[in-house]
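Could you build the full structure based on these sequences and the hints that come with them?
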Amino acid sequence: MPTAAGLLGIEELDRADIEAILDRAKHFQPHQTQTSARFDTLHGKLVVNLFFEASTRTRTSFEIAAKRLGADAISITASGSSIVKGESLVDTLNTLAAMRPNAIVMRHAASGAPHFLARHLKHTPIINAGDGLHEHPTQALLDARTILDALGQLEGLRVAIIGDIAHSRVARSNVYLLSKFGVDIVLCGPPALLPREFACIAPGVTLEYDLRQAVRGADVVMMLRVQLERQHESAFPASEYFQFYGLRLEHLDLAKADVIVMHPGPINRGREIASDVADSQRSVILNQVENGVAVRMAVLERIVA
Amino acid sequence: MAKLCIKNGRVMDPASGRDETADVLIENGRVVAIGASLDPAGGEVLNAAGLVVAPGFIDMHVHLREPGFEHSETIETGARAAAAGGFTTICCMPNTQPVNDNATVTNYIVERAERTAVTHVLPIGAITRNSAGEELAAIGSMRGAGIVAISDDGRPVMNARIMRRAMELARMLGLPVINHCEDLNLSADGSMHEGLHSVRLGLRGIPSAAEDVMVARDILLAELTGARYHVAHISTPTAVTLVAQAKARGLPVTCEVTPHHLSLTDGQVGRYDSNFKMKPPLRSGADVEALVDAIAQGKIDAIATDHAPHPGSEKMQEFEACPFGIIGLETALGVALEHLVHSGRVHLMRLIELFTRGPARALNLDRGRLYPLGPADITMFDTTREWTYDVNGSFSKSSNSPYHGRAFRGGPAVTIVNGRVVWRYEA
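For the record, the sequence lines run as chains P and W. Okay, so the first sequence: first residue is 333 according to my numbering, each after it adds one. Okay, so the second sequence: first residue is 43 according to my numbering, each after it adds one.
It should be emphasised that the hints constitute simulated quantities derived from the structure, not laboratory data. Some hints here could point you the wrong way.
SDA-like cross-link-like pairs, simulated, lysine to any residue; straight-line CA separation at most 20 angstroms [what the hints assert, rightly or not]:
id: 1; chain 1: W; residue 1: 45; chain 2: W; residue 2: 463
id: 2; chain 1: P; residue 1: 454; chain 2: W; residue 2: 358
id: 3; chain 1: P; residue 1: 454; chain 2: W; residue 2: 315
id: 4; chain 1: W; residue 1: 357; chain 2: P; residue 2: 441
id: 5; chain 1: W; residue 1: 341; chain 2: W; residue 2: 290
id: 6; chain 1: W; residue 1: 357; chain 2: P; residue 2: 423
id: 7; chain 1: W; residue 1: 357; chain 2: P; residue 2: 452
id: 8; chain 1: W; residue 1: 357; chain 2: P; residue 2: 451
id: 9; chain 1: P; residue 1: 454; chain 2: W; residue 2: 355
id: 10; chain 1: P; residue 1: 377; chain 2: P; residue 2: 635
id: 11; chain 1: P; residue 1: 588; chain 2: P; residue 2: 516
id: 12; chain 1: W; residue 1: 357; chain 2: P; residue 2: 419
id: 13; chain 1: P; residue 1: 454; chain 2: W; residue 2: 354
id: 14; chain 1: P; residue 1: 454; chain 2: W; residue 2: 313
id: 15; chain 1: W; residue 1: 357; chain 2: P; residue 2: 422
id: 16; chain 1: P; residue 1: 454; chain 2: W; residue 2: 357
id: 17; chain 1: W; residue 1: 357; chain 2: P; residue 2: 453
id: 18; chain 1: P; residue 1: 454; chain 2: W; residue 2: 359
id: 19; chain 1: W; residue 1: 341; chain 2: W; residue 2: 283
id: 20; chain 1: W; residue 1: 357; chain 2: P; residue 2: 420
id: 21; chain 1: W; residue 1: 357; chain 2: P; residue 2: 426
Here's what the structure looks like:
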């Protein structure tokens, strides 16, 4: 792991690191929904959640994870802090670091922001909770935990990741993780949102521009949130997106019989996923949310304890 | 006035083809004789044994930040860095505050240079007012005040009609038009070369086509108007081909390449190191190879640094927020020797041409030659000394260099401007 041994991305982890976190997360799973079950592993430790970008599930699940382990957790969001007063990122972090937290969990809209800070805050581990378009390591870890829970293994699976790949840190982290386990990864989306270079970012990746082909034979279908309105240009006509890339029940017939459907949330019903698919027996979307706490407990324990 | 005799150097002058061990005698700021065993006649003697003695190097593309951004660089500090890099003449881009878009600013730069700069400083004027790309700047009066070319460097002229009008006027005034070729619609929000590494790092990319499209457009406009046209910091094989085709058609089109585009690749951005962030962005390894080939094939006219100082506070930000640009005056020759000459790709004489006659011709300047009765602007350098670049010892006010800590073989030894030694290497 890099500098102060935080967690900046999946790309630089090796398979053993990932397996250790996933195993430990399994141990924490029975406790993730029991508010009474607390550990004192991180008693007296301080975890700062610093979110420069809006987030509900990631921030709350990091907060819950820290508290379950007995740590003190505080959360700071950009709108309520000195960032709006024009303080530079490095000054904000220096100020927080002076309070000697045992880890800073951060989300930032700029790719590489946590890597930049890790170089300057040599003694405070930084946990990346999503940096721009780059990585969202704990999301990939909880997705892997969810797949393992449902299907028992990663090796040999065929996983289709569908949607706005280009702008997705979830896609990148998942590709890096699944590739290390020999998964057959199919990336699918409109050409403007799926640059050809993705075929080379990790072993085992193929590109597919036709949703039906991507889903065919899949063990896992992972849908990504699509926000065509928030992009500067129209990468794809918003009105036609669902027709070409929206996941519908009929598509699941092309996949393996026990296929699972995943989504990092928040979902856009009727945009990238049909309502009946999101609510179907095949959907593990809420399991992903639950696993968020267990996986983040495992990560915090590993880095802070 | 002072006499100076440079003894026993390897005198190399691409303009005349001279390559011989000789002495160079300087008097009153001019070269008075080049030959064997010249009599110093009581003047200072400079032992140049083991050194190359070349015409003064010209950097046709630097940013000196004065007026307006003196915390990044001044004409004085930029010129000192230039002298330490072996340059005797530098041409400064107009993106100061205020922009050099009228004769008052040009006069200010010329006067500040006369008072503070150890090298010659030749200003380049803006193409459009405030480099906003909308209406033409006061180009005629700036020429009267001493500009040697026009450019909206850093802010490409996006409107083809404005570019056409600028070229028509520049042709009438005998000024070259220099463009920073980047279609801003194609490059929007990009912070590095579009390719595998931008995809990996989750950074929005600047495609090579953003450069190629504008080079192609400008060549067509140069043909339409008859203007002299120069492509700044060319970085893609396609753009090089377009320029070569234009030359083959007899058009007065030239181009420069920077040392960093000859030596660094997009993969070296590594973990978001902003000292590797500039425009055009560092391209792929294949692109770098193609640029070195293009130099070897004579398709490139000049090496220019695009020296772009930014203070530490501006580079101390997340990668996407950092400004584009790196300093390069002090490392240019070291980088060029390593990647062109020591690698066996380019002859030393050709390398010198890229720093002297090449840029002089692109700008239509009577400079960059070493001949009796010519100006005593001389660059002395060696090709063997091993040294390591320490940006903390830089003459520049800024330290945004990707070459900090890099070892080089060969570099500047003595820089002479108007017959005066303005910098010399001290071990």
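Hint by hint, here is what the structure shows:
Between residue 45 (chain W) and residue 463 (chain W) the CA atoms are separated by roughly 11 angstroms; this keeps the pair inside 20 angstroms, and the hint holds. Under the criterion of a C-alpha separation no larger than 20 angstroms, the hint pairing residue 454 (chain P) with residue 358 (chain W) is consistent with the structure, at around 15 angstroms. For a cut-off of 20 angstroms, the pair hint linking residue 454 (chain P) to residue 315 (chain W) stands: about 16 angstroms separates their Cα positions. Restraint check for residue 357 (chain W) and residue 441 (chain P): satisfied, since their Cα atoms lie roughly 18 angstroms apart, inside the 20 angstroms limit.
Using a Cα cut-off of 20 angstroms, the hinted pair residue 341 (chain W) and residue 290 (chain W) holds, with the two alpha carbons roughly 10 angstroms apart. Distance check on the hinted pair: residue 357 (chain W) and residue 423 (chain P) sit about 14 angstroms apart at the alpha-carbon level, within 20 angstroms; holds. At most 20 angstroms may separate the alpha-carbon atoms for a hinted pair to count; residue 357 (chain W) and residue 452 (chain P) meet this at roughly 13 angstroms. Restraint check for residue 357 (chain W) and residue 451 (chain P): satisfied, since their Cα atoms lie roughly 13 angstroms apart, inside the 20 angstroms limit.
For the hint linking residue 454 (chain P) to residue 355 (chain W), the alpha-carbon distance of about 19 angstroms falls within 20 angstroms, and the restraint holds. Our distance criterion of 20 angstroms between C-alpha atoms is met by residue 377 (chain P) and residue 635 (chain P), whose separation comes to about 11 angstroms. At roughly 14 angstroms between alpha-carbon atoms, residue 588 (chain P) and residue 516 (chain P) fall within 20 angstroms of each other, so this suggested pair holds. Taking the CA atoms of residue 357 (chain W) and residue 419 (chain P), the gap is near 15 angstroms; set against the 20 angstroms cutoff, the hint holds.
Between residue 454 (chain P) and residue 354 (chain W), the direct Cα distance comes to roughly 19 angstroms. Compliance with the 20 angstroms bound is thereby established for this hinted pair. For the given pair, residue 454 (chain P) sits about 15 angstroms from residue 313 (chain W) by alpha-carbon distance, which is consistent with the 20 angstroms threshold. Restraint check for residue 357 (chain W) and residue 422 (chain P): satisfied, since their Cα atoms lie roughly 11 angstroms apart, inside the 20 angstroms limit. Between residue 454 (chain P) and residue 357 (chain W) the CA atoms are separated by roughly 18 angstroms; this keeps the pair inside 20 angstroms, and the hint holds.
For the hint pairing residue 357 (chain W) with residue 453 (chain P), the CA-to-CA distance comes to about 16 angstroms; that is within 20 angstroms, so the pair holds. Simply put, residue 454 (chain P) and residue 359 (chain W) have alpha-carbon atoms about 16 angstroms apart, close enough for the 20 angstroms limit, and the pair holds. The suggested pairing of residue 341 (chain W) with residue 283 (chain W) holds, with an alpha-carbon distance near 8 angstroms, which does not exceed 20 angstroms. A distance of roughly 11 angstroms separates the Cα atoms of residue 357 (chain W) and residue 420 (chain P); the hinted pair therefore holds under the 20 angstroms criterion.
The straight-line distance between the Cα atoms of residue 357 (chain W) and residue 426 (chain P) is roughly 16 angstroms, inside the 20 angstroms bound, and the hint therefore holds.
The structure agrees with every numbered hint stated previously.
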